[in-house]
Amino acid sequence: MGAYIVRRLLQSVIVVIGVTLVSFLALQAGGDPTYLFVSERASAEEIEATRRALGFDRPLHEQYLSFVADLTRGDFGQSLSYRQPAMEIVLEALPATIELTIFSMILALLLAIPLGVLAAINRGTAWDGSITTMSMLGQSIPSFWMGIMMILFFGLYIRLFPISGHVAFLSPLLAGDIGTAFSNLPRTLYHLVLPGIAVGTYSLARNTRLVRSSLLEVLEQDYVRTARSKGLPELRVLVHHALRNAWLPVVTIVGLEFGFLLGGVVVVETVFSYPGIGRLLFAAINQRDIPLVQAGVILLASIFILLNLVVDLVYVRLDPRVKLTGGRG
Amino acid sequence: MKIRTVPLRAVIAGCLSTSLLAGCAQQSDDTIVVGLSADITTFEPGMISSRDNANIARHIFGSLFTLGPDGEHIPELAHTLEISDDGTGYTYTLNEGLTCHDGEPLTAEDVAYAFNRIADPANRFTGNSPGFVYTSIGFRNAEALDDLRVRVNIAERNPIAFGLITELYVHCKDAYEQMSLDEAAANPVGSGAYRLASWTRGSEVVLEKVREPANFERIVWRIIPEASTRTAELIAGNVDIIANVVPEQVEAINGSGRAEVQIVSGTRRMYVGFNLSEENASLPGGDAIQDPAVRRALQYAVDVPTICRQLLSVECQRATGLVNLENANQSLTPYPYDPGEAERLLDEAGWPRGEDGTRFSIRMQAGQGRYVNDTNVVLAIVQYLEDVGLDIDLELMEWASVYTPLLRERSAGPLFFLGTGGGLWSPIYDMTDIARVGSGTNYTHWSDPRWFDRWSDMVNADDPDDQRRIIDEMLEVFYTDGPWLHLYFQPDFYGVSNRIAWTARRDEHVEIFEASLR
Chain A
37 MGAYIVRRLL
47 QSVIVVIGVT
57 LVSFLALQAG
67 GDPTYLFVSE
77 RASAEEIEAT
87 RRALGFDRPL
97 HEQYLSFVAD
107 LTRGDFGQSL
117 SYRQPAMEIV
127 LEALPATIEL
137 TIFSMILALL
147 LAIPLGVLAA
157 INRGTAWDGS
167 ITTMSMLGQS
177 IPSFWMGIMM
187 ILFFGLYIRL
197 FPISGHVAFL
207 SPLLAGDIGT
217 AFSNLPRTLY
227 HLVLPGIAVG
237 TYSLARNTRL
247 VRSSLLEVLE
257 QDYVRTARSK
267 GLPELRVLVH
277 HALRNAWLPV
287 VTIVGLEFGF
297 LLGGVVVVET
307 VFSYPGIGRL
317 LFAAINQRDI
327 PLVQAGVILL
337 ASIFILLNLV
347 VDLVYVRLDP
357 RVKLTGGRG
Chain B
212 MKIRTVPLRA
222 VIAGCLSTSL
232 LAGCAQQSDD
242 TIVVGLSADI
252 TTFEPGMISS
262 RDNANIARHI
272 FGSLFTLGPD
282 GEHIPELAHT
292 LEISDDGTGY
302 TYTLNEGLTC
312 HDGEPLTAED
322 VAYAFNRIAD
332 PANRFTGNSP
342 GFVYTSIGFR
352 NAEALDDLRV
362 RVNIAERNPI
372 AFGLITELYV
382 HCKDAYEQMS
392 LDEAAANPVG
402 SGAYRLASWT
412 RGSEVVLEKV
422 REPANFERIV
432 WRIIPEASTR
442 TAELIAGNVD
452 IIANVVPEQV
462 EAINGSGRAE
472 VQIVSGTRRM
482 YVGFNLSEEN
492 ASLPGGDAIQ
502 DPAVRRALQY
512 AVDVPTICRQ
522 LLSVECQRAT
532 GLVNLENANQ
542 SLTPYPYDPG
552 EAERLLDEAG
562 WPRGEDGTRF
572 SIRMQAGQGR
582 YVNDTNVVLA
592 IVQYLEDVGL
602 DIDLELMEWA
612 SVYTPLLRER
622 SAGPLFFLGT
632 GGGLWSPIYD
642 MTDIARVGSG
652 TNYTHWSDPR
662 WFDRWSDMVN
672 ADDPDDQRRI
682 IDEMLEVFYT
692 DGPWLHLYFQ
702 PDFYGVSNRI
712 AWTARRDEHV
722 EIFEASLR
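First to last, the sequence lines map onto chains A and B.
Per my numbering: the first sequence = residues 37 to 365.
Per my numbering: the second sequence = residues 212 to 729.
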């Protein structure tokens, strides 16, 4: 397994470099970013001086190679708009998004499993119909609209939850300030409820359907029939025999979904004024702050790759048929 | 064991307080909360460029003089100004007993250091001060004459130098000499009435009172990008002032009983530009707009009052040119909406309708999401222009990364929609957009000698009456044959909590010195 992990990590380096190249080219495709960093009254000489100062006067390949060379030294460059180390700014925003992602995924999983099981074991009944319909609705409602509606109802009319904002838990915890972290925790959770639901609803709906369909498929298998014919209680058949195998696709989706959510919660972060990495990168893209975008992209790509690896390893634990060869095929 | 006990106690205390939070919407009386739409990127005085960023910085960094809501001159860190006979030396005398936020005395040496530091090319600053103020005034250097007198040297006589120097942030030499540029960006050591207490990037900035004229002990600037969320926070009583209220939410705020919307006619001039460059002249329609008669005809084609009423929910202040109305040529009146007159003038200019009803085709470019209801305003303008026979090829673009570079290259157009910030303190400030044919802000490439040949006379006129006469003559040329289709001064919408007495300014400055509890 060790060799497999090492091989996968080496492959990851190539993937990360590919990701940086694509994002670099995509940002450059929008034209010369210099104009975003000069006053509208700047003269041609001043524009040229700024272009030189920011390094945009060099050929593209030179800019990229210089970036990669700095990268190998652990230097992600300075954010052009914040004038501070780019990775520092990204890492500052990451904990808030991790809090939101974990909260929404826990919320989604805690509800998706019982709802999916309930729908599967009551296939064709009103339970099944209701849960399936609600799941489809959950997947159809745009998260920003849901966010705004929740703000109006829970934040403004019944005033049960805060409308926007964030109270940090992970940041002080990671900084070693355990007292502050845990004293913040109730307020952190309190501020996470509405954005967490807005983010988690889609996952909840999809996972519910996934658990349902996966369980339905497993329940048709011969070994389940065998378990039942041995006279095992239905609950034991469900939990010990069916659910364990139904987990496989769920684990895959959930693992990858965590990565998607980290970078993809930008709309919800905007609606709830949540200072996470999605909003930061969205603003950086608009500002063409290339070092900041690159730092964010590298970090998110690395997390995504790592999650993929973890999913693969968990798969082996869940399904003894799967072997980690790492070779072709 | 102890490590576990402390968090547990903290959790319990937090839980108890959390249960009370939902009902605790009222702010403390010594704190005012302002909701901003854009994130703050820096507190480096040489890098600050956005209005929101500048509004916060204004409370941290003092300036020598400031401009009041109506453009009046107000002494701040300095009490007197002497301008040299040749107009290139501005000597300010500072108040005695000034201090920096680090406790050090603030002297003329600090001011000179701060101004020269911003100009230092080694620092590669690209904010408003080096990129706009220094460029506009031809900043040479600043020198301390003694402890209290500082002299700012500029290249040549400039009637708007005083107003522009008010935009420079005074910061403190000892502190900044000890900080790296990275550190300075997040740790401002200023001379203003408030100092930075905390900054949570993307979330909030908290300022603490240092001295008068601060009315509140704390100002909390919260970053709330989504307009409806800002409105909800205002109505819930969690925020006292919000900027950029969208017109559709005015009724909800006014009907809440908790806050009201103040609508002011801003100083930002909204217009459709005619890009008269040679490149554009070769594009479809680009040749037509070279003729001033065509440009004049189109002034009658757009129903600006209806656009304002329907899309901006207000009666706008109409523009007669590029100068705010207080300082404009008072003999000029806004062009009326008269499509018949527009058609007649277009016929006369040699652009009759063709068989398909079209006079000429032309491209119009515009950015999105920058100004109040801009996309709908642009769509309405296009419809009005098409009604008089133009065939418009509209290109709506992402503002920052696509439209801005076009503007800066001065290649947007042939028709383009834009709003540029203005001021109330000098007509020349507003006119400076088109100070030279090659100015970075002359996006139109307009080159009428009746305007540009008068510039030097106007700037150097010693007699104010002479200067005013020249200005009026120039503005008349701009009105009749200029490169802008004059629209309106952008209305600005602020939501203000009923617990606060505060009047919105027209120049987009949000100054909390002027706020108090009711």
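Simulated from the structure, these hints should not be mistaken for laboratory data.
Warning: the hint list may mix true and false statements.
[What the hints assert, rightly or not] Covered, in the sense of this in silico footprint (three residues per stretch, anywhere, with C-beta under 8 Å from a C-beta of chain A), are these stretches of chain B:
hint : segment
1    : 407–413
2    : 417–431
3    : 470–479
4    : 551–559
[As the list claims (entries may be wrong)] Chain A is faced by these chain B residues, among others (derived, beta-carbon under 7 Å):
hint : residue
5    : A333
6    : T337
7    : E444
8    : S622
9    : R679
We put the beta carbon where it would ideally sit given N, CA and C, even for glycine.
Comparing the hints with the structure gives:
1. 407–413: holds (count 3)
2. 417–431: Result for this restraint: violated, n = 0.
3. 470–479: violated (count 0)
4. 551–559: violated (count 0)
5. A333: Hint on B:A333: violated, closest Cβ of chain A at ~10 Å, above 7 Å.
6. T337: This hint holds: B:T337 lies near chain A, its Cβ roughly 5 Å from the closest one there, short of 7 Å.
7. E444: holds, 5 Å
8. S622: It is violated, given that the least Cβ distance between B:S622 and chain A is near 11 Å, above 7 Å.
9. R679: With a closest approach of 25 Å, the B:R679 hint is violated.
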